[in-house]
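Order-wise, the sequence lines are chains A and B.
With the numbering used here, the residue at position 151 of the first sequence is 151, and numbering never jumps.
With the numbering used here, the residue at position 121 of the second sequence is 121, and numbering never jumps.
Hints listed in this document are in silico derivations from the structure and should not be mistaken for laboratory results.
Hints are not guaranteed to be accurate.
With a Cα cut of at most 30 Å, we get these calculated DSBU-like pairs of lysine-lysine [said to hold, decoys possible]:
{"hint": "1", "chain 1": "B", "residue 1": "Lys-238", "chain 2": "A", "residue 2": "Lys-34"}
{"hint": "2", "chain 1": "B", "residue 1": "Lys-18", "chain 2": "A", "residue 2": "Lys-54"}
{"hint": "3", "chain 1": "A", "residue 1": "Lys-10", "chain 2": "A", "residue 2": "Lys-50"}
Residue strings, one per chain:
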Amino acid sequence: MANYSTNEFKAGLKIMLDGEPCNILENELVKPGKGQAFNRVRIRKLISGKVLEKTFKSGESVESADVMDTELDYLYTDGEFWHFMNSESFEQIAADKAAVGENVKWLVENDSCTVTLWNGAPIAITPPNFVELEIVETDPGLKGDTAGTGGKPATLSTGAVVRVPLFIQTGEVVKVDTRNGEYTGRAQK
Amino acid sequence: MTHWQPSATVETLEIRAKLLANIRQFFAERKVLEVETPQLAQHSVTDPHLASFRTEYVGPGHAQGLSLYLQTSPEFSMKRLLCAGSGCIYQICKAYRNEESGRYHNPEFSMLEWYRVGFDHQQLMQEVADLLQVILHCKLPTYLSYQQTFIQYLGIDPLSCSLDELKDVASQQGFRDIAQQENNPDTLLQLLFSHCIEPQIGQEVPIFVFDFPATQAALARISPSDCRVAERFEVYFKGIELANGFHELADADEQQRRFQQDNQRRQQMGLPVITPDNYLLEALRSGLPDCAGVALGIDRLVMLASSNNNISNVQAFTIHSA
């Protein structure tokens, strides 16, 4: 496995820490005028999702992590695995529950997702920034009440719950921002 | 698309120009002579934590080439002037340090360095405080010894603690991986100081930290009253290391020993050995007047004066677009 020296540190570099692949978010040189230099980095652990600070002595080397992002289409789930396909090579990959995590609620068939592979195996799924999903359950809004401020909860076909305006009804398809889980409008038909 | 624009605003460059003018006026009023010394020289510092840029002169006298270093500070040349009887001198110049780039570092930066004949480090700290008040309009600074700083912020005495105690404190502060492997107490002290103390001190007014451990003396005299410490100080303000000063070492033999110690450490670290500067050693042998000197980072001073938090905002162009 290749190593990176601290001089190669920059945002986006993938390194191994405590046996887990990590993404460097920020790298800062801490160097007294007289004395040892250090690299203080902010790191996201790619499996646990934890963000932490870590300091290295400058000049040390750190094991690189074989991590790559690929764009794959979501196909279906068999309940245990979520299956994705490369639309050019038709190669398929199955991600387990740990890799899909919370984002299971944003998986829409045929949507293109970012699948993060570590040593060839999926460790994280990033859905598109916007997905369109059908509302399967929401309270009927009160007639004439269009000025409601808070809206109402609506359950989507994937199980996700988002707040929608009062005039939105069960059966409608809505567009949601997956980064913050907010309703952005009715789907364009 | 090539981003050609400067990384500092014209407004900040105006603040910078005014600040430089004020510094020159400060020293003119105090009758300190402005000097210029070479930035390219045959010798460089032996400090294992400083990496010099090296280049080559080819021309009359040196058809085969002469290795030259871009100076990491003008210290050696300025001391030769002091030995030659210049009296009090100051210099505003570029300094060059390889491997240093970040929020507070650029490999090429501006330095203010000055020497006061007849001053010790206490008197020079007072003058640095005067300068900071003129330039930054800040309030009176505070003063704390290196030893007290560690006792106050980390509950450990840096001058008497054992290596294991230092390792324990470093581990408690979240640096277990470094602490387990590191057996150099000074590296651990520098880690703790830069990560745990520096961000906390000098937030409201500048703070002078003085009497650094003798093992971090650099080119300062060892204190005649306590051989565990050197007559060295640093200035911090708002999380920024601003200046480093010494009651200057004048003993040529001691200077030569320190060069040798540095080079031994360089060899242990797998770094190139730097030939000691004989011009400096000979000058010291002829006699350096009793003096104190300090180097101050001008870019960082401008950062404070203009409320910028990145060196790229106070230099017209940094290494990223030079």
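These are the hints, each one checked on the structure:
1. In summary, the hint linking Lys-238 (chain B) to Lys-34 (chain A) is supported, as the alpha carbons are separated by about 19 Å, within the 30 Å threshold.
2. Between the alpha carbons of Lys-18 (chain B) and Lys-54 (chain A) the distance comes to roughly 39 Å, so the proposed pair goes past 30 Å and is violated.
3. Distance check on the hinted pair: Lys-10 (chain A) and Lys-50 (chain A) sit about 18 Å apart at the alpha-carbon level, within 30 Å; holds.
Checked against the numbered hints given earlier, the structure breaks only hint 2 and satisfies all the rest.
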